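Protein chains: 4
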Amino acid sequence: MSADANQDLSKEIVFKDYVTVELVKSSASDSDVIWAARVSTAGENSLDEVGTDASRSEGLINYLARERHGSPFEHTSMTFFISAPIFVFREFMRHRIASYNEESGRYRELRPVFYVPSKERKLVQVGKPGSYSFIDGTDEQYELTVRLIKESCTLAYKNYQEILEAGVAREVARAVLPVTLYSSMYVTMNARALMNFLSLRTSREGSHFPSYPQREIEMVAEKMEAIFEELMPITYGAFQKSGRIAP
Amino acid sequence: MSADANQDLSKEIVFKDYVTVELVKSSASDSDVIWAARVSTAGENSLDEVGTDASRSEGLINYLARERHGSPFEHTSMTFFISAPIFVFREFMRHRIASYNEESGRYRELRPVFYVPSKERKLVQVGKPGSYSFIDGTDEQYELTVRLIKESCTLAYKNYQEILEAGVAREVARAVLPVTLYSSMYVTMNARALMNFLSLRTSREGSHFPSYPQREIEMVAEKMEAIFEELMPITYGAFQKSGRIAP
Amino acid sequence: MSADANQDLSKEIVFKDYVTVELVKSSASDSDVIWAARVSTAGENSLDEVGTDASRSEGLINYLARERHGSPFEHTSMTFFISAPIFVFREFMRHRIASYNEESGRYRELRPVFYVPSKERKLVQVGKPGSYSFIDGTDEQYELTVRLIKESCTLAYKNYQEILEAGVAREVARAVLPVTLYSSMYVTMNARALMNFLSLRTSREGSHFPSYPQREIEMVAEKMEAIFEELMPITYGAFQKSGRIAP
Amino acid sequence: MSADANQDLSKEIVFKDYVTVELVKSSASDSDVIWAARVSTAGENSLDEVGTDASRSEGLINYLARERHGSPFEHTSMTFFISAPIFVFREFMRHRIASYNEESGRYRELRPVFYVPSKERKLVQVGKPGSYSFIDGTDEQYELTVRLIKESCTLAYKNYQEILEAGVAREVARAVLPVTLYSSMYVTMNARALMNFLSLRTSREGSHFPSYPQREIEMVAEKMEAIFEELMPITYGAFQKSGRIAP
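Residue numbers (our numbering), protein chains in the order written: chain A, 10 to 256; chain B, 10 to 256; chain C, 10 to 256; chain D, 10 to 256.
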């Protein structure tokens, strides 16, 4: 479907309950960690490690992760395309060791695509600040939540359109749009920054420092984690073994 | 008014057309630039400059700004409290050389305070991508915009309350809230990062590189600029003279 | 002593076995952590915490450090003047979340002040890569080391002078100077970055992640740590309790 | 030659007058700038630009560079191996938006390879602080400089060996070594950070902001610039056209 066709359909409101993460490109492999680490003891001879099989150096990677020698993990680069609600991007962009470009509500008429929770999303928070956990909601809670989100989004987008049609600037009209609106961005990170992101934005048994991320950013993080595991399996294993602490 | 009283009133929807910027604390003076610069030629003797009158060194500060020797401007710190709509914070937090803490929609029930443009806000965008300018809207455009923003916000907040009352978590319910909702944050920056922020987020005659910020973030930037001018008048003058380019 | 007098004496070679750390200025107190953290749950009411007594909020600070909520520790600023050998500055400046200005060998004739280890400095490394420890050297080892360092430095400085006297640029002549030459710098860091620095550049019992810094940068770090403890005693206590991991 | 053979020869002192820069790997092309920029107006349709021919979008890249929209240049990564004297690395590592790993004088016995200026290196500085320029030295100046550098380096390395042979740690012995000693490092940067580096570390006619780098770091920068031009020719052209200012 071309961009123009897409534009024609764009006024039909869409509700989705998932996020999208695609690897756009990468320059990241386990062997990158090896030569970066070896330069400290081998100087220029470390160049011999470029592009070699990293599997025989698993011990070195485990050591670096465990002892928190983080800099050798930085000579890597992964670029992801992410489509997720604005409230997820608000949390994501607090991570400063990364590069971002995002869709703009100033330069573009935004599309009516909104996030609603799926039935699997635990809706009810129990506990107190600092130690919340989430449990399932009832069917009634779920239906009410979805119905009211849809109602709000529908009115907001109708009003957005009406303000635009009156000739007012996009950057003013977008004020009405809710934080559950989807946006698109590219983010580029190195493996060290990504491990820091994963340690904070996923909730896992066995993490040295437990985290309590919002489920929707965790959905993004889980997809990034799967890609990371594929690109750098030994590094990923070391991250797991060392309690999911970014080195 | 105490925090508790504030809480009781919090369900009454408020619409405001201004932003708030307060200087919380600072460690920033023109003389800080002097000793930081002088260490390069004077070593430890530069300590003699700490706390001295910077006015006799105006030429040095102008030179540093003009020739873009930026590092001496970094040994300064300014912390601002800012209350502004979410769409402003979204742009603000793209500035990575800064420290942020913001009100949380996960940990707190958000207050119904929403931004609507004032009558002075130019509403209509003319030109094409890359060289937009803004002109006044008609009274009709203004009234329609304000009416529809208020309508959307009112429904959104009503639905937010209804979802909360059904026992669903704040982090889920807030999905309906629009980006024109006010939030609060602290931001700490040094003078170099602040000059970069000002160069990009204000639109001024005589800027070497013209910028076209959204008016609402410019409203924040103007208030920060006035505080900066008061704290570091010579540095501010040098910034102006050198075409408002961050050194 | 004036700068000029200093300059006259500057050709007499000095050997020192200590480093200098002075707090130039700071904007850093435990209460800064409180309001920065409280904005998440209290919004603008957190402003009431500015400048208050932090001692009643020790539990909050301990919680933030233990659970690694690091951002509230960033709204602080400490500027140190440091005089130490070049090989220490080489390690120090690998810390990127900091601002630096240093004495310049391009813009200034460098003074003949050189570091030699004191008798207390353990000279002999035992163990293997990744788990070295240091033990005392013999008197013979110590005397030989000091004698040879002094001999090298003396010739280097004599040659530096001779190249300068021949009319060659300082930036060329300084090539001969050894990394044990003292330099001076200002560094400005926030408390979070400082805790990261301390966790990596000191070797302490009870650290969650043990570090093996070179003794000379640890001498700098210990002096910075003492100043930090005085400025932010509750935060410092929380850092200690949580295993000296930067939050 | 194997690493071991290298080690055997390593005690023969080598003097060199050049630096080495090799591209280890990269993920950087002009089209990366296009999709990163287009996401602001095209959202997910920008994915269509991935891997396309950037030449038809030269105007967009020129616009981004000229108007200083820097973020689209960040989704790129270039890793260089660099061999250069320590005094060059001291300047290089002041650039904080980069990742570094360097040969270690703590973990390795350093090789006796030292930099001496070539006959082409202008030796004499004329002018005053802030506006220096360099002119050729005489043959006498050149010969004296080279002779004294060699003398100092030779004694320093002899003393380094003698301290090591006495059983003292490498990290102590290296104190005697001069800043003209070669070291090796990997540095990874994105195109935006690289343009900033080039704008400050090269001296070129037509630069909007003239810079006065030390010749030896400029030798490194020139080699990096040639590689950058080859990887991203349109971006490089835009950098040139916009006065060599990093966007």
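I should point out that these hints are in silico values taken from the structure, not numbers from a laboratory.
Owing to the predicted nature of the structure, the values given are computational and were not obtained by experimental measurement.
Careful, some of the hints might be misleading.
No distinction is drawn between identical chains; accordingly, a pair holds when it is met within one copy or between any pair of copies.
Said to hold, decoys possible - Computed list of lysine-lysine pairs in DSSO-like fashion (alpha-carbon distance at most 30 Å, straight line):
hint	residue 1	residue 2
1	K137	K20
2	K250	K128
3	K167	K128
4	K159	K25
5	K232	K25
6	K167	K137
7	K250	K167
8	K167	K25
9	K250	K20
10	K25	K131
11	K159	K20
12	K167	K232
13	K250	K25
14	K167	K20
15	K159	K250
16	K131	K232
17	K232	K20
18	K159	K232
Quick rundown of the hints versus the structure:
In this assembly of identical chains, K137 and K20 lie within 30 Å of each other by CA distance solely across copies; the values are 23 Å between and 41 Å within a copy. In this assembly of identical chains, the alpha carbons of K250 and K128 never lie at most 30 Å apart, being 33 Å within a copy and 42 Å across copies at closest. For the homomeric pair K167 and K128, the shortest alpha-carbon distances inside one copy (27 Å) and between copies (23 Å) are both at most 30 Å. In the homo-oligomer, the alpha carbons of K159 and K25 lie at most 30 Å apart both inside one protomer (11 Å) and across protomers (26 Å), since each shortest distance falls under that limit.
Taking the shortest Cα distances, K232 and K25 sit within 30 Å of each other inside one copy (17 Å), while across copies they are farther apart (40 Å). With identical chains, the CA atoms of K167 and K137 are at most 30 Å apart between copies only, with a shortest distance of 25 Å across copies and 38 Å within one. In this assembly of identical chains, K250 and K167 lie within 30 Å of each other by CA distance neither inside one copy nor across copies; the values are 51 Å within and 45 Å between. Taking the shortest Cα distances, K167 and K25 sit within 30 Å of each other both inside one copy (18 Å) and across copies (23 Å).
With identical chains, the CA atoms of K250 and K20 are never at most 30 Å apart, being 48 Å at best within one copy and 41 Å at best between copies. For a Cα distance limit of 30 Å, the shortest separation of K25 from K131 inside one copy, 16 Å, qualifies, whereas the shortest one across copies, 35 Å, does not. Taking identical chains as interchangeable, the C-alpha atoms of K159 and K20 lie at most 30 Å apart whether they share a chain (15 Å) or sit on different chains (22 Å). With identical chains, the CA atoms of K167 and K232 are never at most 30 Å apart, being 33 Å at best within one copy and 34 Å at best between copies.
Taking CA atoms no more than 30 Å apart as the test, K250 paired with K25 passes in neither setting, with 35 Å inside one copy and 45 Å between copies. Taking the shortest Cα distances, K167 and K20 sit within 30 Å of each other both inside one copy (9 Å) and across copies (25 Å). Taking the shortest alpha-carbon separations for K159 and K250, neither the intra-copy value of 43 Å nor the inter-copy value of 48 Å comes in at or below 30 Å. With identical chains, the CA atoms of K131 and K232 are at most 30 Å apart within one copy only, with a shortest distance of 19 Å there and 42 Å across copies.
Only within a single protomer do K232 and K20 lie at most 30 Å apart by alpha-carbon distance; the minimum there is 29 Å, versus 38 Å between protomers. For the identical chains of this complex, K159 and K232 are intra-copy neighbours only, at 26 Å inside a copy versus 38 Å across copies, given an alpha-carbon limit of 30 Å.
When each numbered hint is compared with the structure, violations occur for hints 2, 7, 9, 12, 13 and 15.
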